[in-house]
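There are 2 protein chains.
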Amino acid sequence: MELIKPKTMPGVMELLPNEQIAFQNMLDVIRRGYERFGFLPLETPVMEYSNILLTKSGGETERQVYFVQSSGSLKQGRDPELAMRFDLTVPTARFVAEHERKLVFPFRRYQIQRVYRGETAQRGRFREFYQCDVDVIGKDKLSLHYDAEIPSVIYHVFSELNVGKFTIHINNRKLLSGFFAALGVEDPERQTLIMREVDKIDKRGRDYVVETLTGEHFGMEADKVHRIMDFIAMEAESNRAVLDRVAALGIDHPLFQTGLEELSQVVETIEALGVPESHLKLNLSIARGLDYYTGTVYETFLDDHLKIGSVCSGGRYENLAGYYTSSKLPGVGISIGATRLFYQLCAAGIIQAGKSTIQALVTQMDADLSKEYLNLTAELRQGGVNTILYAEKGKFGKQLRYADRAGIRFAVIMGRDELDQNLVTVKDLIASDQFQVPRDRAAAAILERIQSSN
Amino acid sequence: MELIKPKTMPGVMELLPNEQIAFQNMLDVIRRGYERFGFLPLETPVMEYSNILLTKSGGETERQVYFVQSSGSLKQGRDPELAMRFDLTVPTARFVAEHERKLVFPFRRYQIQRVYRGETAQRGRFREFYQCDVDVIGKDKLSLHYDAEIPSVIYHVFSELNVGKFTIHINNRKLLSGFFAALGVEDPERQTLIMREVDKIDKRGRDYVVETLTGEHFGMEADKVHRIMDFIAMEAESNRAVLDRVAALGIDHPLFQTGLEELSQVVETIEALGVPESHLKLNLSIARGLDYYTGTVYETFLDDHLKIGSVCSGGRYENLAGYYTSSKLPGVGISIGATRLFYQLCAAGIIQAGKSTIQALVTQMDADLSKEYLNLTAELRQGGVNTILYAEKGKFGKQLRYADRAGIRFAVIMGRDELDQNLVTVKDLIASDQFQVPRDRAAAAILERIQSSN
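Those protein sequences? They're chains A and B, same order as listed. Taking numbering that gives the first Met the number 0, I'd label the letters of the first sequence as residues 0 to 453. Taking numbering that gives the first Met the number 0, I'd label the letters of the second sequence as residues 0 to 453.
Among the hints, erroneous ones may be present.
Treat identical chains as interchangeable: a pair holds within one or across any two.
As the list claims (entries may be wrong) - Listed next, the in silico DMTMM-like pairs over lysine to aspartate or glutamate satisfying Cα-Cα at most 20 Å (straight line): (1) K140 <-> D201; (2) K426 <-> D251; (3) K164 <-> E118; (4) K202 <-> D251; (5) K426 <-> D198; (6) K354 <-> D432; (7) K101 <-> E13; (8) K370 <-> E260; (9) K394 <-> E159; (10) K426 <-> E97; (11) K354 <-> E34; (12) K164 <-> D302; (13) K4 <-> E80; (14) K327 <-> E97; (15) K370 <-> E261; (16) K306 <-> E260.
Since the hints were derived computationally from the structure, they do not count as laboratory data.
Could you build the full structure based on these sequences and the hints that come with them?
Right, dumping it as structure tokens:
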């Protein structure tokens, strides 16, 4: 029989077990964090009806969608009725609209699932990847309180992820939009186009941006361009001081004033929720696609790895599910792209695979005692230790090397003498020491060691 | 704008948050159990290349497959190159063959992911559903030890799932096949066809089966038919006694003898691994599709809900990945169909949704203290309690009703007097009592209550 070469499509992240354990650990930290802040779990099907999924899409989105057809439908030459979700926002919108009457608002949900994009494959771009979203969705209205909850959950999760110092950047889109409007640029689309040019300041320099915006295509006055660039670059010794400087500009456009008030209140609430100023930065340049977000916006950066870009972004939106319901459903949320984040943290050496979920290996020192080793294995499992028995034939040294290579921390050893005295020897391959313990205390002793080294 | 009716396709299980919590709890128990027994996590992409996925498939399987195409590929009128996995076995086979040299054998893996089948939609049948698999895969050979590990993990997981009394049924396919061969029925396909008829005994009765098998189509001697039916119905006061009775039949066909020896050894090892005889039943009638499994086979039944059928099945197979590698990879494993199981346990009233992952609601008794309530919320979260703040305006009674309706167990109350004395009142909505506690002890007190009622 001719063999088929086993391989996956490009653009997916498939991990070896010890890598998967590290990744699963990341997802678990995120999930525990989301639950700690009172978000409830939601899972939606990977497929949605195409007409529901693609309402929002322009051509750009549609090109990146995977369509799904059963073999029957395909043979009949029908158009695909189903497509795979490309984010978690649209399925959540559909879910909330569909079950509106059964949900308690504000509805706090988290969703940790894979999404799909038919991207051209290239390094670091994924066609299948995890998104980890939290959102709070209100009915008719939603208190600004929730705009402050979001950075507090980000702060908690990234602290727990243990990926070094990070900073949450926060802004309010109304402030930016009001500032533009006060300068006479009212059209949101024009605002977006200008912001897109302004964003190039880091890469191309200020002169380049001024030249573009004062040039033929944009035709802006140089004075206004400089005022925009000074505004978004505004910094001070504290977030409070930045807000004071913004207030001191004396711009009395109503949208600008609303933005300033919202941002002040949100920053104050974030502090009361325990996020230290060291991890929160008011950044007036953040816009995040001026079309979708309408108020508070967030980005999060790892201070020692700025090149990675924002690792957690989101914001406040006016209406979640306008395509599916006439109810007004304002919300605020963020998303962590966990697959890309994991990939980048590994590349940067911040995450290392290695530790197994298996905590103990029961060795077979004496082939005559095999039934005792089975019992011992069962006892350790019963006592809460993730355990395997070395069931193949092999010299004792080989058994220990197996544990070491597999990343299993404890080797449990019991010879004839120990059996008679009701003792076992536990070898700690990380601490490189070993100790004897009464057999019925072995599980507890191992768990204590694990506990105390966490 | 015309609204689009929000709905999912039929045949998917989408849950409301409190149902999802119950389901997630089930998946967590399964995962913890699999890890306790030393299985390592694996996740594979939802899509595979069609030519890799569909090697095994006859027409039956192929009809049930979902094919996937990006919009670009679709427009060009190409045939779909990708398809969605219909089980976890084929992706695991592909994975093991692809990464053979990087894996340590025996390779123990668990996989908890969704699979897809383009089934005709009907009640209780799912097009998208979770499978929770464990397998041990050996290289060239695999010790019978692992055939015994599998029932021990089933025993642990179903005990933890808390779904009432269950029984693991075990058999060895060689025993059955050897018995047929000793009767002169050597052809495996004919064996399968006969077994399929014999399986109807519960529904149609013994006479019906005898009539069919002695009839024109099968043309078997009545004596042989009765011997088969007596054999598979064999029972005794213990598993050991059944094995003795089987041995006493004096059938000296080599396959039969091997089956008997294997089964004896596996049953003995299962006992040494701590599975009580009350939960393990030697059932000589279990065949599980005579084509794939070649040795030990398992089925698991909930004693009080036999109608549900087997909730966890599997067995030993000769070679996992013959399509992708010339290495011989024997294995043994089982699968829990978690979506269907959850659906049926809910229908049978064994699982009830209700409890929230949110453990505490901080109420706002005094609007002047809102900043203190923010601090208190942060303190409880910091202390490890899943907490939300009631951030909307609302009378105190309404706040308590919210907690009750949302399934949140503890309401945390702090008035002006309590603030001054550094106290909070904790109302336990399940125990229907309340207690006062120093503010900095509130989180610990809540966690202790939760702990002690688990």
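Going through the hints against the structure:
1. K140 <-> D201: This pair counts as neither: shortest intra-copy Cα distance 37 Å, inter-copy 60 Å.
2. K426 <-> D251: neither (71 Å within a copy, 48 Å between copies)
3. K164 <-> E118: For K164 and E118, the Cα distance exceeds 20 Å both inside one copy (32 Å) and across copies (50 Å).
4. K202 <-> D251: neither (33 Å within a copy, 82 Å between copies)
5. K426 <-> D198: neither (57 Å within a copy, 51 Å between copies)
6. K354 <-> D432: Classified as within; 18 Å inside a copy, 44 Å across copies.
7. K101 <-> E13: This pair counts as between: shortest inter-copy Cα distance 13 Å, intra-copy 37 Å.
8. K370 <-> E260: between (72 Å within a copy, 17 Å between copies)
9. K394 <-> E159: Cα proximity of K394 and E159: none, with 41 Å in one copy and 36 Å across.
10. K426 <-> E97: neither (56 Å within a copy, 34 Å between copies)
11. K354 <-> E34: between (25 Å within a copy, 13 Å between copies)
12. K164 <-> D302: The answer is within: 6 Å in one copy meets 20 Å, while 54 Å across copies does not.
13. K4 <-> E80: The answer is between: 15 Å across copies meets 20 Å, while 32 Å in one copy does not.
14. K327 <-> E97: within (14 Å within a copy, 50 Å between copies)
15. K370 <-> E261: between (69 Å within a copy, 16 Å between copies)
16. K306 <-> E260: Answer is neither; intra-copy 32 Å and inter-copy 62 Å both fail.
The structure is inconsistent with the numbered hints 1, 2, 3, 4, 5, 9, 10 and 16, although it conforms to all the rest.
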